[in-house]
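Participant: One letter stands for each residue in the lines below.
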Amino acid sequence: MTTETQDTVDLDTQERIRPRWGRILAWTGLALLLGLLFLGLQRSQEGPVQIGRQAPDFTLTTFDGEQIRLSDLQGKVVVLNFWASWCIPCEQEAADLEATWKQYQPGGKVIFLGVAWTDTEKKSLEYLKKFDITYPNGPDLGTRISQAYRTTGVPETYIIDRNGQLAFVKLSPFVSIQEIHTAIDPLLE
Amino acid sequence: MKPRIWIFVLLFFSITLFIVSGASAQDATPRVPTDDEVNAIAKQMYCPVCENTPLDVCPTQACAEWRELIRDKLAQGWTEAQIRDYFVEQFGARVLATPPAQGLNWLVYVIPPLAFLAGVFILYRAFVAWRKPIPEKTPSSVDKTEDEYVNRIEEELRKHQV
Chain R
-14 MTTETQDTVD LDTQERIRPR WGRILAWTGL ALLLGLLFLG LQRSQEGPVQ IGRQAPDFTL
46 TTFDGEQIRL SDLQGKVVVL NFWASWCIPC EQEAADLEAT WKQYQPGGKV IFLGVAWTDT
106 EKKSLEYLKK FDITYPNGPD LGTRISQAYR TTGVPETYII DRNGQLAFVK LSPFVSIQEI
166 HTAIDPLLE
Chain H
1091 MKPRIWIFVL LFFSITLFIV SGASAQDATP RVPTDDEVNA IAKQMYCPVC ENTPLDVCPT
1151 QACAEWRELI RDKLAQGWTE AQIRDYFVEQ FGARVLATPP AQGLNWLVYV IPPLAFLAGV
1211 FILYRAFVAW RKPIPEKTPS SVDKTEDEYV NRIEEELRKH QV
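Listed in order, the protein sequences are those of chains R and H. Residue numbers are given in the numbering used here: position 134 of the first sequence equals residue 119, and the series is strictly consecutive. Take any residue in the second sequence, note its place counting from 1, add 1090, and you have its number in the numbering used here.
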């Protein structure tokens, strides 16, 4: 093979190699992007946290400034209620939740926590006063708690058993005190 | 004459006092922000309750309360940036119409220009490829080669015939 032919072959090979790297990079970038899109879509399609799974841990800063961490409440049944002052169905269950809380409060085995979702503090406090709610309540700062539980709206109630596992989910308002008891009592046995 | 002067002096001080007290009373009254001022900030936000509807035009009760909150903060003398930061702290970064370039959000800002540049590059390559003349065999060379080939065949045929 002559030198001239050899040079031509080398140039051809170089030309073939150069665009290959570009293609590899482009395809890798596209694959990464599609992967991210897939993960995002998968996450958005996930429903609420599944029953039987460990409940996501969170820290609730109440309107009084107290900090309550879920993992510190192990050994107790936790009733986690998401609500908002502008939510009419929330009003339907507010009095029942407070009445049930008062029944369980002396035993100390059940704790109720209220999380005000995308609500203004002024309106939240007015709502709590209106329904004489005494159990700890606080704002969902940065909507972190609702995102962890993948809530779809308000009212929603999540009941966590004494081992910190999610035991019950209600994606609509409770219709009676009896219904709330039916959800909590089996977890105390 | 003297009592008259005193009356004028008294009247002058009374009027001055009245004007000064009126002005200070006006200063003490909190300024009520206009709807335009509130909406200028509200249109930069989205409430998670009603997705894809800017806060300034959202008709729900939740959004009305958020707008009132903006009005309250403006009345307290908060700046636009302070109000935005407060909303992010309270309700998360997703309330913002323009997401901050943090975490995976930066992809939103990087991918479109990158895709545009990639498109320009692909188009450029395509144009260059179209303009490049395709190397063709010249008719003379073809003829010459064919001639040589034909000549050789004929020569071989002649040999065999003989």
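Derived by calculation from the structure, the hints in this document are not laboratory data. Do not rely on the hints blindly, as some may be mistaken.
[Stated by the list, open to error] Below, a list of computed lysine-lysine pairs in the DSS-like style, where the Cα atoms sit at most 25 Å apart: (1) R:LYS61 with R:LYS94; (2) R:LYS61 with R:LYS107; (3) H:LYS1133 with R:LYS108; (4) H:LYS1163 with R:LYS108; (5) R:LYS61 with R:LYS155; (6) R:LYS155 with R:LYS87; (7) R:LYS87 with R:LYS61; (8) R:LYS107 with R:LYS94; (9) R:LYS114 with R:LYS87; (10) H:LYS1249 with H:LYS1222; (11) R:LYS94 with R:LYS155; (12) R:LYS115 with R:LYS155; (13) R:LYS107 with H:LYS1163; (14) R:LYS107 with H:LYS1133; (15) R:LYS114 with H:LYS1133.
[What the hints assert, rightly or not] Per label pair, the in silico range of CB-to-CB distance: (16) H:THR1150 with R:GLY32: 21 to 31 Å; (17) R:GLY50 with H:ALA1187: 26 to 36 Å; (18) H:VAL1210 with R:LEU17: 28 to 38 Å; (19) R:ARG8 with H:ARG1248: 38 to 48 Å.
[What the hints assert, rightly or not] Below, a sample of chain R positions facing chain H; criterion: calculated Cβ distance under 7 Å: (20) GLN39; (21) TRP71; (22) PRO74; (23) LYS108.
Glycine included, C-beta positions come from ideal geometry on N, C-alpha and C.
Participant: Please verify that hint: TRP71 (chain R), Cβ, nearest Cβ of chain H, below 7 Å or not.
Facilitator: Cβ of TRP71 (chain R) sits 4 Å from chain H, so the hint holds.
Participant: Would the pair LYS107 (chain R) and LYS1163 (chain H) pass a check requiring their Cα atoms to be no farther apart than 25 Å?
Facilitator: 12 Å, holds
Participant: Given the hint that LYS87 (chain R) pairs with LYS61 (chain R), does the C-alpha gap stay at or below 25 Å?
Facilitator: 16 Å, holds
Participant: Under 7 Å is the threshold here; is the Cβ of LYS108 (chain R) close enough to any Cβ of chain H for the hint to stand?
Facilitator: 5 Å, holds
Participant: Does LYS108 (chain R) lie within 25 Å of LYS1133 (chain H) when you go C-alpha to C-alpha?
Facilitator: With Cα atoms ~22 Å apart, LYS1133 (chain H) and LYS108 (chain R) stay inside 25 Å; holds.
Participant: With the threshold set at 25 Å, check whether the alpha-carbon distance from LYS107 (chain R) to LYS1133 (chain H) stays at or below it.
Facilitator: 22 Å, holds
Participant: Is the straight-line distance between the alpha-carbon of LYS94 (chain R) and that of LYS155 (chain R) 25 Å or less?
Facilitator: 21 Å, holds
Participant: Is the interface hint for PRO74 (chain R) satisfied, with its Cβ closer than 7 Å to some Cβ of chain H?
Facilitator: This hint is violated: PRO74 (chain R) lies away from chain H, its Cβ roughly 13 Å from the closest one there, beyond 7 Å.
Participant: Would you mind confirming whether the straight-line C-alpha gap from LYS115 (chain R) to LYS155 (chain R) stays at or under 25 Å?
Facilitator: Answer holds: LYS115 (chain R) to LYS155 (chain R) is near 23 Å, not above 25 Å.
Participant: Does the alpha-carbon distance linking LYS107 (chain R) and LYS94 (chain R) stay inside the 25 Å limit?
Facilitator: Given pair LYS107 (chain R), LYS94 (chain R) is violated - Cα atoms ~31 Å apart, limit 25 Å.
Participant: Has the given pair, LYS61 (chain R) with LYS155 (chain R), been kept, meaning a C-alpha gap of at most 25 Å?
Facilitator: 19 Å, holds
Participant: Using the C-beta atoms of ARG8 (chain R) and ARG1248 (chain H), is the stated range 38 to 48 Å upheld?
Facilitator: Given a distance of about 55 Å, which is not inside 38 to 48 Å, the answer is violated.
Hint check: violations occur at hints 2, 8, 10, 15, 18, 19, 20, 22; the rest are consistent with the structure.
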